[in-house]
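Novice: Letter by letter, the chains look like this.
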Amino acid sequence: MISDIIAIIRDYWLLLLIGQYPNGPLGGLAATLLLSILAIAFAFPVSIALALARLSKSPFLNWPVTALVYFTRGVPLLMLILWGYFLVPLATGANVPSFLTMLVTLVVYQGAFLSEVVRGGIVALGHGQMEASRALGHSYLGAMRYVILPQALYNVIPSIISVFVATIKDTTLGYVINVPDLTFAASQINNQLLTQPFQVFFILAAVYYVICWSLSRVAIVTERRITRPRRIRP
Amino acid sequence: MSSFDLSEILGNPEYVSMLLLGIKMTFVVAIGSWTLAMTLALLLLGLRYAPGPLGNAFVTAYVSYHRNVPTLVQLLLWYFGIFTLMPDPVTFWLNDHNAEAIFAVIGLGLCQAAYFSEDLRSGMRAVSPGQMEAARALGHSYVSAMRFVMVPQGSRNALPALINHSVSLFKNSSLAVAIGVAELTYAVKEIENLSFRTFESYLLVTVLYLVFSLMIMALGAYVARRADPVRSGRA
Numbered sequence: 001m002i003s004d005i006i007a008i009i010r011d012y013w014l015l016l017l018i019g020q021y022p023n024g025p026l027g028g029l030a031a032t033l034l035l036s037i038l039a040i041a042f043a044f045p046v047s048i049a050l051a052l053a054r055l056s057k058s059p060f061l062n063w064p065v066t067a068l069v070y071f072t073r074g075v076p077l078l079m080l081i082l083w084g085y086f087l088v089p090l091a092t093g094a095n096v097p098s099f100l101t102m103l104v105t106l107v108v109y110q111g112a113f114l115s116e117v118v119r120g121g122i123v124a125l126g127h128g129q130m131e132a133s134r135a136l137g138h139s140y141l142g143a144m145r146y147v148i149l150p151q152a153l154y155n156v157i158p159s160i161i162s163v164f165v166a167t168i169k170d171t172t173l174g175y176v177i178n179v180p181d182l183t184f185a186a187s188q189i190n191n192q193l194l195t196q197p198f199q200v201f202f203i204l205a206a207v208y209y210v211i212c213w214s215l216s217r218v219a220i221v222t223e224r225r226i227t228r229p230r231r232i233r234p
Numbered sequence: 235m236s237s238f239d240l241s242e243i244l245g246n247p248e249y250v251s252m253l254l255l256g257i258k259m260t261f262v263v264a265i266g267s268w269t270l271a272m273t274l275a276l277l278l279l280g281l282r283y284a285p286g287p288l289g290n291a292f293v294t295a296y297v298s299y300h301r302n303v304p305t306l307v308q309l310l311l312w313y314f315g316i317f318t319l320m321p322d323p324v325t326f327w328l329n330d331h332n333a334e335a336i337f338a339v340i341g342l343g344l345c346q347a348a349y350f351s352e353d354l355r356s357g358m359r360a361v362s363p364g365q366m367e368a369a370r371a372l373g374h375s376y377v378s379a380m381r382f383v384m385v386p387q388g389s390r391n392a393l394p395a396l397i398n399h400s401v402s403l404f405k406n407s408s409l410a411v412a413i414g415v416a417e418l419t420y421a422v423k424e425i426e427n428l429s430f431r432t433f434e435s436y437l438l439v440t441v442l443y444l445v446f447s448l449m450i451m452a453l454g455a456y457v458a459r460r461a462d463p464v465r466s467g468r469a
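Order-wise, the sequence lines are chains A and B.
In terms of my numbering, the first sequence is numbered consecutively and its last residue is 234.
In terms of my numbering, the second sequence is numbered consecutively and its last residue is 469.
There are no misleading hints in this set.
Derived, one-sided and incomplete: chain B residues facing chain A with beta-carbon distance under 7 Å:
no., residue
1, Val303
2, Thr419
3, Thr440
Straight-line Cα separation of at most 25 Å, SDA-like style, residue types lysine to any residue; simulated pairs:
no., chain 1, residue 1, chain 2, residue 2
4, B, Lys423, A, Ser98
5, B, Lys423, A, Pro97
6, B, Lys423, A, Val96
7, B, Lys423, A, Thr92
8, B, Lys423, A, Val88
9, B, Lys423, A, Leu87
10, B, Lys423, A, Val104
11, B, Lys258, B, Ser241
12, B, Lys423, B, Met449
13, B, Lys423, A, Ser187
14, B, Lys258, B, Val445
15, B, Lys423, A, Ala94
16, B, Lys423, A, Arg73
17, B, Lys423, A, Pro89
18, B, Lys258, B, Asn427
19, B, Lys423, A, Gly93
20, B, Lys258, A, Leu77
21, B, Lys423, A, Trp83
22, B, Lys423, A, Ala91
23, B, Lys258, A, Phe71
24, B, Lys423, A, Leu100
25, B, Lys423, A, Phe71
26, B, Lys423, A, Thr72
Read the hints as simulated data drawn from the structure, not as lab findings.
Beta carbons are placed, not taken as given, at the ideal position from N, Cα and C, and that holds for glycine.
Chain B on its own, in the form it takes in the complex:
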């Protein structure tokens, strides 16, 4: 192996553009699945607290499946399994619109929704039931009591866990390489194949992952501090 030379990669426009595309795709997958996960988590939370036994049972089963089956296996099941069961027009449309990325977003989003909903549930359980009773007594409907009284407090309680799982979700976007999504891990493999600069390639991408993860943690810490000035010692 010749001497360490980072400029071999950073000085090559082809490699840099591959890297930038990988970064972009990583964030597309991460942000897309995060959005899907958070939306679903709120729906699942609502289902859990809805009257009747069916909602709670469904959410329990959903969370149990997504927590006990490895994320990679879920992605493989989506892309290689469910994809092939879909009718041809849907298949053609998906193939025209980057099917790998779509299924990565769906797979990671559905999986992460289970964790987010459990975080929110823990946060909600930390809020006294008296709050709901007081809100109903003052004339709030169930939905508005949940929306204006319970969820804001519950989500603040859940913030630390949500931040941790958001970092996990970002890291899990690297799993999309298994179904061919051209994200950061995919990019490093391509660059390494072309340049034979194994050490430089992996060092670069590892540093990028680390920097982005720490940025997300810092952003999360900032959001947590802003959301709860009392607990963080301000106000």
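Next comes chain A alone, as it looks inside the complex:
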């Protein structure tokens, strides 16, 4: 069993790492991480915009965004992926690569999810910060940009890391639309070997475990660091 696993890693480590690149699209672990990083990078500004809209008193901003958040909370991510995969080409007439479909879906999904995290961070600050800023002459946007958001976003860094971990795990759903990521690479190996599926998927599970566990530890350490100053200087 162990020797089988070692043999698979030795023979297929490049496929697991970067897929068929440079002969084909970038795949494997590199594609998974690239997809996750891009998704969070784009989802982050989206989530701030959505969070501010959710907190807005204007019903034209608040209600549509609330509906969007509840929609993404109520529908499986897989359905959103299939919507993007089948319907976007139908509507636009353009052939969209599955990687891009997956990226856009993750941005929408994690943007809505992350917006609740950001909103929670802002709400946790309390009203006093905003009122003090306005009293000192800041506009709403100025107060939000220079006073509220820096504090709120700093406080929710651990949650953002957790959402990043969730994003990495969510990239596995690209398997269903043949996104060439780590899970896809494993299924390719499995199709070639045929006789050692347990070993192949064990390796796959182990790789995800190491990555996600490590990042979760980072989130925990970060959280301790963030909360520490508050205890020393109450």
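Since the structure of chain A is provided, determine the placement of chain B on it from the hints.
Specialist: Structure of chain B alone, referenced to chain A:
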């Protein structure tokens, strides 16, 4: 693409029956795995609080694995990996009894048990340790103190998180399509293939998922309100 026409699907008995079968299978998988998850979660909770270091270490490892490995990968490992390691008589029996659905229930149930047990643990930690000490002082055994004093309060504290994860579990049943379970997501793909009504098919199933999820949330809110009349402002 021709004009939007929902009746093409809803008016066709074949498609409607596929849809109904998909709904049924979704709930079979969701309820089956929920039951397994809740049962296991209580066992894991008991293990965590059992005397001795082994129980806590095992639960920690269990939770760590199931939280850090993607759910889809766990399902693939169960169906394509572990299934092939089983002896032939077991394999034959499973194949005769819808192996995909069984492994979907097992995979999702084991995975969700990790989240449920952590929710319950958080709920339990919110109960004062003095409660356990008082119960023991009054003659309760560890098990009966846990059963009649600690767990009822802890589970009430854990209800909001349990409800959230129950909705997640329902949504995760769509992942079973990856191992061939004929649930709602599978049904929509089949209907779309046969009817070429892509938009109508996916709209219908998306609405169904949304409606069911909101129903579960509403049911959860109702249960939470009933379980804790004081906190919800009644009584």
